[in-house]
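Colleague: Listed in order, the protein sequences are those of chains A and B.
Residue numbers for the first sequence follow our numbering, so the first one is 1 and each next one is one higher.
Residue numbers for the second sequence follow our numbering, so the first one is 422 and each next one is one higher.
By construction, these hints were calculated from the structure, which means they are not laboratory data.
Warning: the hint list may mix true and false statements.
Residues from chain B that face chain A, not an exhaustive set, calculated with beta carbons under 8 Å [said to hold, decoys possible]: (1) 424; (2) 428; (3) 461; (4) 484; (5) 486; (6) 487; (7) 544; (8) 547; (9) 550.
In this text, a Cβ means the ideal position worked out from N, Cα and C, and glycines have one as well.
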Amino acid sequence: MTTTQSAPSARDDTQTTFDVEAVRRDFPIFQQTMRGKPLVFLDSAASAQKPRVVIDRMSDFYLNEYASIHRGVYQLSEVATFEFEKARGKLARFINAANPREVVITRNATESINLVAQTWGRKHLERDDEILLTGMEHHANIVPWQMLCGETGAKLVVVPLADDGSLEAGAYERLLSDRTKLVAIAHVSNALGTINPVKEMIASAHAVGAPVVVDGAQAAPHMAIDVQDLDCDFYAISGHKIFGPSGVGILYGKLAHLDAMPPYQGGGSMIHTVSFEKTTYAEVPARFEAGTPDIAGVIGLGTAVDYLNGIGMAAIEAWEQELLAYATGRLSEIPQVRLIGTAPNKAAVISFVVEGAHPHDVGSILDQQGIAIRAGHHCAQPVMERYGIPATARASLAFYNTKRDIDALVDAIHKVLELFG
Amino acid sequence: MDNLRDLYQSVILDHNKSPRNFGNLEDANRSAEGYNPLCGDKLSLQLILDDDECVVDIRFTGMGCAISTASASLMTEYARGKTLSEILETMNRFHELLTGNPNEQGEAEDLGKLAVFSGVREFPARVKCATLSWHTLQAALDDGDKVATTE
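Okay, chain B solo, but in the shape it has when bound (with noise of 0.2 Å):
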């Protein structure tokens, strides 16, 4: 089981549960779909970016598994007071724990909270759940509406 205490924290198993900051955004003027054609699963990202490209709030709906869920959770909250130069250094530094070399610390540390999803890295497969979320942003802020997919 310890490899699955791993991948399944407490936090994650706790903000799969309840979910924070889901819902519909009305003044959002950002927004992206997520889609992750291989297991179905989907996510609706909406965002208000101010004109000093700060995130002052976001929300997400949509429907996954624990790891996407709960990454989606922690993504808004983290997101909310960011501005996008901040949020796109988060998104390589996130993307560097789920892929990159176990060996090198750090980058864990400076994650917070998001250092949660260390576990995911043993399990390859899981590795897009928890981007999902992620991808969608980075579609969000890039410009207007677009598909985010994990493919």
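Okay, chain A solo, but in the shape it has when bound (with noise of 0.2 Å):
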């Protein structure tokens, strides 16, 4: 990677090592315009743009290699099978997991945790059991264990927030019990930015014997993931997230706590033997594999992983607390501007509102300036109840993402203000 001077309308001149010009070439939509502006795309927390060579490999897979996986008494059923384990394979890798075994295809992080609840949850919670969450959860790491409280009686206990989106303190050590029988937690907040320390946490945790499901889907595509570091028992995470296709997703988990569960959705795949009066289950992880997956899509992730992996996590992290310090010390220049989530700990997501301006108001003024942000509640309505707000504007980053990104929403932001003002 050459060395580049950082863009010439960035006001800092931060030398950096990080070819993002070169990225940006990797990436076709980066080619176009939106309403006549070059396409300053910060919405990456919602999906996260496609490399050319994810592209390629899809509509190449489909051109040439495709046929049904797992069936193969013909020479491209055995390929397509073959490209769709090696792909589980890169994906154990990314993670970390000891044996890609422990690595089942859904199709994306909210299947992923409801494949959870849905399993382990209804085998293992009872009456009066704790869940124990976070008031920084998205929806989907809420809802699935509110409805298994419903069908088992057991009950959601929620770690509160600090007024800067951390933990507060002592919270999570304070509301571990032994009546807690699980723990589901973001890694990183999609609405708030927080990297929560789950390392300490999953060793807390498993020390009143708890299990833990980390929704890592805001995290992986941020930083280098460490299943086994981690020590976690689950770990949740979006393809389309981490630049791969849309429609597959991962779920890691330990091998004996896949193993001991009863399957998810039944069908085709997941059975090993089907008679009318008794039914067999596959092994781990075909057992919770039911119906044909997204072939293309899984080969395309992996793909995506390789390319990420090309380009060094450590890298893209670096790249992107710059351009987090460098987008926080911007907005702060703005007064009317106050930022949701300070938390010392942040992975490139920057929530904000605008004095005088609706977060949707301001992302239909940045949309006329070419800039994509998210506006609304983030599918984390409890955070925003607890900030006091309805809604906020998001700006969320990528390894693709510019200085020049930054100043086009900053200068974005001064419209909203002469309009507003």
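These two chains come separately, so use the hints to put the complex back together.
Modeller: Structure, rendered in structure tokens:
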């Protein structure tokens, strides 16, 4: 990677070794303009853009290698099966899982969490057992547990948030007890950007005998994930947020858990033998993968992971932290802007409100400048409630963003103030 | 900025900053809640409908974006003193203004101040912001206490 100067329009002159312009050329979408202006894409936390290698790999697979998998009495199916399982192996290495069998293919992180709730949860939870969550969870890490509580009589217990968007000091440890049968926590908050100290939290949970489900949907795009080092029991990832196609995700689960879990959905692929009297179930992970999966999607996700490894998650994290610091500094220069979520340990997700302008109005005005942000409650209504706001505007960054993008954001916020000031 | 000036006309900005008929109405005999689940906008509408099916008073509370707040404010301003049938007719034409063919002239002129929302047509994601208060009004007029949503 060559050394480049940061974009000339950016105000600081930090030397960086991250060649963001080269990275941007890997993403075809940045070749187009939006409303006559260069596309400034600041909504990667919702869904990330795709590098050409992923698009090409999927297209190539459909053109030359496509067939049903795990049925192969003919060569094409054998090739497709090989490529699919190779992708599973890449995904396992990406999160440092000890065994590819610990990687279950799902549709997305939401389904991964629902899978744990409906299999592990139904089997283990009873009346008055407690599921410990945090106040910053995405609806995907609240509602499946709430549904499970409805079925089992278990209860949700919520770790409150401090004003800066961190977990309230000491609250997690205080709420953990021998009644806690499961902990479900976001690694990174999608609405606040807060990075939770999940490794320490997992160790504390294990000390009271509670397994931990980590919602990693917002962490995996920003940092290296090592499930063995974290010692998490389950880890959920959405493929579309890590630059892969939409419609595929993964659930990591420790083999000992997965082996002991009942199936999720019934159907083909997940069985060993079927008769009308009795069905025996397949081994892990096939037991949790009923029906034909998104074969090309999984293979494309494998290529996305190759692509990320090529850049290096450490380099990605360093560049994003530089962008985050730059964006935080520039937005803080505007007195009418209030950042929601100022925890010391943050990923490059910046929620904010503009005095006098509703986030949707901010979003529409930014859109006219070719800037894509998210405005709303970010599927985290309890977070909005906690901070007494109906919604926020959210700029979320990926490694393909530049300081130029941040400058465009700041200029556009000044336009908002012109209209609404 | 041209499209933006069309969307955020000064009347809209003014009604957003100082919404008319904002507050609770004590003797209300009709009310409804409006909710846009996509963005979280909430609106509470209270009105008095007399025996001649005329809206004699109307108020709203809630929070939302400039478009939804201004729309609620201008809607209440319009509806006061109007009969049920007048309101229903205007409601249809207002909806046409936001979603209909821009080349069909005519409807905007009849709508008076409500025509300031014509720019919303260019922002499909924002149409629901402008119609929330009208959906809520319809729910209140239909009968008794209801919850209207834009979905």
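Colleague: Looking back at the hints listed earlier, which ones does the structure fail to meet?
Modeller: Hint check: nothing fails, all pass.
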